[in-house]
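S.K.: Below, each chain spelled out in residue letters.
Protein chains: 2
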Amino acid sequence: MFHSKIIITLRKSILDPQGKAVEHGTHSLGYNAVKNVRIGKFVELNVETESKEEAERITKEVSEKLLANPIMEDCSFTVEKASR
Amino acid sequence: MFHSKIIITLRKSILDPQGKAVEHGTHSLGYNAVKNVRIGKFVELNVETESKEEAERITKEVSEKLLANPIMEDCSFTVEKASR
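Residue numbers (the numbering used here), protein chains in the order written: chain A, -6 to 77; chain B, -6 to 77.
These are computed hints drawn from the structure, not numbers from a lab.
Careful: at least some of the hints might be erroneous.
Repeated chains share a single entry, so a pair holds when one copy, or any two copies, can fit it.
To be verified - Simulated crosslink set (SDA-like; lysine to any residue; CA at most 20 angstroms straight-line):
1. K5 / E43
2. K45 / F70
3. K45 / D9
4. K(-2) / E37
5. K58 / K74
6. K58 / S76
7. K34 / G23
8. K28 / G18
9. K5 / S44
10. K(-2) / H20
11. K5 / E57
12. K34 / T71
13. K53 / N25
14. K74 / P10
15. K58 / A14
16. K5 / E73
17. K34 / S44
18. K28 / A14
19. K74 / I7
Values in this document were obtained by computation on a predicted structure and should not be read as measured data.
Bound-form chain A, shown alone (with noise of 0.2 angstroms):
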């Protein structure tokens, strides 16, 4: 069995509104020297499979056809033998 993470971030060009709300509600704290808040999204599942390169291509097309929108995201994700 493989553990995989999988991180979902717009897109450089694509405004971020929730991130500056963030970003205002960081100096609103008094944390000035926060700048250029994004979020993105994160997601970890397990894949039952005997080999690293099946979990793999499993990751990549689960990511890429469910979970981002490839107009507006960008998806990274690692992949590795679950520890149980």
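Using the hints provided, position chain B relative to the given structure of chain A.
M.R.: Here is chain B on its own, set in the frame of chain A:
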């Protein structure tokens, strides 16, 4: 300047209905090997400080005070020198 990446996940003991919905979605697409989907948040931001220690302190405080709900969520982060 430093670049921080923050991952916020629901604690293991908290049910994740959004993750369950995504898991059903993967099975509908035929990916039956996918299990235990959990959805979290990903936040990236820049911190304009001179020292990495200061950037780590600010990232930790912002994560704990503003981004994560410590009752229900865990958070982890990395801080690296920004490339530009």
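S.K.: Can you give me the call for K5 and E43, within, between, both or neither, at a CA distance of at most 20 angstroms?
M.R.: neither (36 angstroms within a copy, 25 angstroms between copies)
S.K.: Which holds for K(-2) with H20 at a C-alpha limit of 20 angstroms: within a copy, between copies, both or neither?
M.R.: between (30 angstroms within a copy, 18 angstroms between copies)
S.K.: Treating 20 angstroms as the Cα threshold, decide for K34 and S44: within, between, both or neither.
M.R.: neither (26 angstroms within a copy, 28 angstroms between copies)
S.K.: Between K28 and A14, at a C-alpha cutoff of 20 angstroms, which is it: within one copy, between copies, both, or neither?
M.R.: Cα proximity of K28 and A14: one copy only (11 angstroms, versus 34 angstroms across).
S.K.: At most 20 angstroms between alpha carbons: which applies to K58 and A14, within, between, both or neither?
M.R.: between (29 angstroms within a copy, 15 angstroms between copies)
S.K.: If the cutoff is 20 angstroms on CA atoms, where do K28 and G18 land: within, between, both or neither? Let me know, please.
M.R.: within (11 angstroms within a copy, 36 angstroms between copies)
S.K.: If the cut is 20 angstroms between Cα atoms, do K45 and F70 qualify within a copy, between copies, both or neither?
M.R.: within (13 angstroms within a copy, 26 angstroms between copies)
S.K.: Within, between, both or neither: how does the pair K58, K74 come out at a Cα-Cα threshold of 20 angstroms?
M.R.: Neither, since 23 angstroms and 33 angstroms both go past 20 angstroms.
S.K.: Checking K(-2) and E37: alpha-carbon separation at most 20 angstroms within a copy, between copies, both or neither?
M.R.: The answer is both: 4 angstroms in one copy and 16 angstroms across copies each meet 20 angstroms.
S.K.: Could you figure out if K5 and E73 sit no more than 20 angstroms apart (CA to CA) within one copy, between two copies, both or neither?
M.R.: Intra 28 angstroms, inter 19 angstroms, cutoff 20 angstroms: inter-copy only.
S.K.: Give the relationship of K53 and N25 under a CA distance limit of 20 angstroms: within one copy only, between copies only, both, or neither.
M.R.: The answer is between: 15 angstroms across copies meets 20 angstroms, while 38 angstroms in one copy does not.
S.K.: When Cα atoms must be at most 20 angstroms apart, do K34 and T71 count as within-copy, between-copy, both, or neither?
M.R.: Classified as both: same-chain Cα gap 14 angstroms, cross-chain 16 angstroms, threshold 20 angstroms.
In terms of the numbered hints stated before, the structure departs from hints 1, 3, 5, 6, 7, 9, 14, 17 and 19, listed from lowest to highest.
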